[in-house]
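Protein chains in written order, with my numbering: chain A, -13 to 509; chain B, 54 to 388; chain C, 1117 to 1409.
If you are wondering where the hints come from, they were derived from the structure by calculation, not from laboratory data. Take these hints with a grain of salt, some might be off.
[What the hints assert, rightly or not] Estimated spans, in silico, between C-beta atoms of each pair: (1) C/M1325 / B/E107: 48 to 58 Å; (2) A/Y405 / B/W180: 50 to 60 Å; (3) A/T41 / B/K89: 11 to 21 Å; (4) A/S210 / B/T232: 42 to 52 Å; (5) C/M1325 / A/E194: 47 to 57 Å; (6) C/F1215 / B/Y183: 28 to 38 Å; (7) B/E107 / A/E194: 27 to 37 Å; (8) A/A144 / B/K89: 28 to 38 Å; (9) C/M1325 / B/F156: 39 to 49 Å; (10) B/R112 / A/D250: 50 to 60 Å; (11) B/P229 / A/K509: 26 to 36 Å.
Note that CB positions come from ideal geometry on N, CA and C, so glycine has one too.
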Amino acid sequence: MKQFKSLWRWVAMATILGAVSTAVMPQAQAQTAPRKILVVASNQDVPNFDPHVATGYSASALLRNLYDPLVRVEGNPPQVKPHLAESYTVSADGMEYLFKLDAKAKFSDGSPVTAEAVKYSFDRLVRLKKGNAWMIAGIVDETSVSVVDARTVKIKLAKPFVAFPHVLPWLWIVNPKLVEDNKGTDDGQTWLKSNIAGSGAFVLKRAEPGNLYELEKVASPWKSGGGNLTGAIWRIIRETSNQRLAVQRGEAHMALDLTSEDMDALKDKPGVVSVIEPEFRTFSIKLNTEHGPLADINLRKAISYAFNYQAMLDSAGYAQLMVGPLPNGIFGHDPKLAVPTTDLDKAKEFLAKSKVPNGGIKLTMVHVSGLEQQRRFALVLLDSLKKLNIELDIKPMVWPDMVASTASPDKMADFFPVYQTANYGDPDNIAFAAYHSSRNGNWQNPVYKNPKVDALILAGRAETDQAKRQAIYVEMQKQVVEDAPDIFGVLEKRKLALRSDVQGFIFTPVASNAVEFFPLSLK
Amino acid sequence: MIRFIVRRLVLLVPVFIGLTLLVFTISHVLPGDPVKLAAGPQATAEEIASLSREFGMDRPLPQQYWHYATGLLQGDWGQSVLTRRPVAADLKIYLPATLELVFAAIFLAILIGIPAGLLSAITANRWPDYLTRILSLASIAMPRFFLALVLQLVFAMSLAWLPLNGRFPIIDLPPPAITGMLTIDSLLAGDWLAFTTSCEHLLMPALAMSLSPLATITRMMRASTLDVLQQDYVLTERALGLSQSLIILKYVLRNAFSSTLTVIGLYIGWLLSGSVLVETVFDWPGIGLYATKAIVTQDFMPVMGVTLSIGFIFVLVNLVIDLLYGVINPKVRYQ
Amino acid sequence: MTTPSTAHPSRWQNWQRSLYRFRQSGLSIAGLAIVLVLLVIAVGGSWIVPFPEHISGGINTAARFKPPSSLYWFGTNELGQDVFTLVMAGARVSLIAGFGVVMIAAILGGLIGALAGYAGGWIDDVLMRLTDLMLTLPSLILAMAIAAALGAGLDNMVFAISMSWWPGFARLVRGEVIAKKEDLFVQAARALGASDSRILLRHVLPNVMSPIIIKMSLDMGFAILAVAALGFIGIGVKPPTPEWGSLLSLARGYLPDYWWTAIFPGLAIFFAVLGFNLLGDGLRDLFDPKARR
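Work out the full structure, taking the sequences as your base and the hints as a guide.
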């Protein structure tokens, strides 16, 4: 129509103008900098930087770069290495430790790391009773640590604890002056939440909560050696497949939360190195041994034999089936232990002996809402229970609610899935946390108790002779399997991806996703 | 005119009070125990009791409300248990990110919707019109989160034309934060590169969000333009010597303006409330993700904070729109 | 004897005309077709799917992530379950949930609106203030908060969403009730001494059914969308319920390699919403020709 010709002209001109200006706009380029910044992709946020309060692998990752502990753990199998303490000695009975601090060690404000600082830090940790204090609960108290001289610290344990050097890497030393200056009314917790008072090779450059955290290497770190990084960025990417894609495209150098499907997708991609290693991280389904139908040991055994372990392994991908309560490969583990396998006949035998010989009941299971692996395992259990004519009601819940439900046996569901991470490479870590009755009412060991097992665990903690210690743990595992308090599940392998230009990365099967930046370099 | 504005502004006060009362009531009616959550699973009964006193939870409800409401006015929107930061500080970080997304979505909706509606009206009942109408219907039915995934799949994963997620490339420092919206801050800082790269990151999420308002604007423009084309006053003004195109442009522009206002008023709540659906897909650190995390961990203060912010923004935006209607259509002022 | 005038078309003739317009509208027919297909699928349930055991949690880990083939039309997922079966089963979940939402919202909103409209005065003021305030609050966030507080499960989801949905119905019903309040038959009933509640329930409400049903049909598509949105966020169903939104959310991690796990549930949501929207538009034009196209 004629009258619209001019209108059309306007429209046409506007469109052309728009198209031309877009084409002419310079393409955005990533700034090529002489900086060497390592980008790490994780789906965990770091809401709190207080080394004596924060927990979680993301916090540990950043804290171990911002702060220093007395000793480190490195390598596969994990070995204790000097750090703030250049050497230490242990008394014959294993109760007294003497640490000699490295003279070069200094805080970010230039002041030296003294024995005073060590005592202050341990005292604060014990006083607050938060964060990693549980690792030394009952072992170290406010009288244990004493200053011998400016560079020597003595720690006297309240009870024997052979694994003590292995927990030290998670107990960080803070700068007493800075913390005291900003003590406030809560022992410095508010200030340390977002401020750093450490001696680490890195300091916090920028923090965008929910998005990213940037660390910057200090001008002259007191530690010698190390890689060529000038900084590192902890980037939060929630979806693991997006983490994988970021590494593929070079937008990130490391991805920490990858699934088996992600690793498969990365198999032949150029420039990417896959790290799939066994780790001491167990997954089991805890059974409510104190309340409900599962208090009946025959029913528990029936379910243990009906469970489809192969399906669990298939859906876990890169993993191994657990052989008993301790992770495969850890000191004290008995690879020849006799554990339940999928055997429907045996299952039905036990079922016949139980209080519900024909099944016909409904059991409940909770799992962490959003945790895909747990959902899969719940469905494997549902499918397995069908063969015993038992129904399963699956309830996704948020973790705090799940934790609250373990407070007493009647609040706990029948099945409770648990990942136990080995924070330190010693069997005591899992044995104590997961099977000692003092942990009842906690998510790690909600209800199971057996005085025989308790005694064995405590004996294992104290025994200094390696051979005797091994025998104690073998006995403990046998007893636990007898009691059938868990469905022993899988040990998922740790799955990480690195760009091929990342150098210096050594896999340690303890907290391997809490990456230490100092030794790393970018080509 | 002034009386009109003042009257509307004064009416805001009871609305805001009502909102805070409503949100406070809802949060206390819902099951959940924020004190137990804050205390942590290992807390003893005394610790829970003392924390309860600290939060003021042991006081009677009306007193708690008063404390909360007066706190809001002073800028104290409570503390997040999870992040252990004041909610107001968190909102300052996350709200601009979502607002940027919402503004961009509205911008795209107007940019594409108005010409599309015009086209549809001009070619009424021929194939461009049918196509546009079908696309509009499809756009309203399309779930934002699915479209976001598809866009990401095609343009980021397969073709690698656009960035995968986030607001800005990681290694580079964003422009100094003045508004918190990267596009605007880039322009203010004169950093053209930062501007284009922010736009690249903004494009897919904004597009996914814009589809519903876009469809509505298209429909409205089509209807109102068809109206205009058939009106008598057009003929009259033609007789008076004005050129045809200019006449139509005048009325069309006025309709475009009022359609835009209407759509913004209709969709601002929808856009802000549902931003989480697109934010999750693109790891966009906005209030949607912030609120969802808080909801899932039963962290009440952030949820209340986000709900109130969105409510306030909704009321304010609609107020401004009403005022603008008053400007373009004087009859409205005297209602 | 005068012949009956044909100037005023009878009701039946009006109906005929409306139906004719409906049939002429290709889009409305398309909508009806889609909805009928969905209904058939929802009713058919386990009888019309190739792998019914997968709906209640059956798995087959040996057949994980198989691409679409003649055996698995939409491929299989991370546990070897047939995606086609799950998507079909999801139809029933979505339809029931969507219907539940509009139903509860209509009943609750309708009662509140009717009360406000009929009673007038301060009751009307208070209820409408409340309704308007509810409308300014972000509906998705409100629904999420309620659903999360109540815990996982489809019924909690439906209840939560309907709690943010009722204000629309309240507004509508109030308007209609106010319009009908002064009608002749209401005045007659009052004159005869009927109580207020009787008038409300037996005379007024039945006459506002039509707009309520129109709104329900218009809202149905968006209700299904809201359910899927909540499922996508992850605040929703208990495994192994095959809800489209949560299927889509799970599939995110498998893009781009196992795209079929995401594309088909997403398309299902799209077509369901589209179908109900088209049908709703058509029904509205059918019952209320005054509404502008």
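Taking the hints in turn, this is what the structure says about them:
{"no.": "1", "hint": "C/M1325 / B/E107: 48 to 58 Å", "result": "54 Å, holds"}
{"no.": "2", "hint": "A/Y405 / B/W180: 50 to 60 Å", "result": "58 Å, holds"}
{"no.": "3", "hint": "A/T41 / B/K89: 11 to 21 Å", "result": "18 Å, holds"}
{"no.": "4", "hint": "A/S210 / B/T232: 42 to 52 Å", "result": "46 Å, holds"}
{"no.": "5", "hint": "C/M1325 / A/E194: 47 to 57 Å", "result": "54 Å, holds"}
{"no.": "6", "hint": "C/F1215 / B/Y183: 28 to 38 Å", "result": "31 Å, holds"}
{"no.": "7", "hint": "B/E107 / A/E194: 27 to 37 Å", "result": "29 Å, holds"}
{"no.": "8", "hint": "A/A144 / B/K89: 28 to 38 Å", "result": "31 Å, holds"}
{"no.": "9", "hint": "C/M1325 / B/F156: 39 to 49 Å", "result": "42 Å, holds"}
{"no.": "10", "hint": "B/R112 / A/D250: 50 to 60 Å", "result": "57 Å, holds"}
{"no.": "11", "hint": "B/P229 / A/K509: 26 to 36 Å", "result": "32 Å, holds"}
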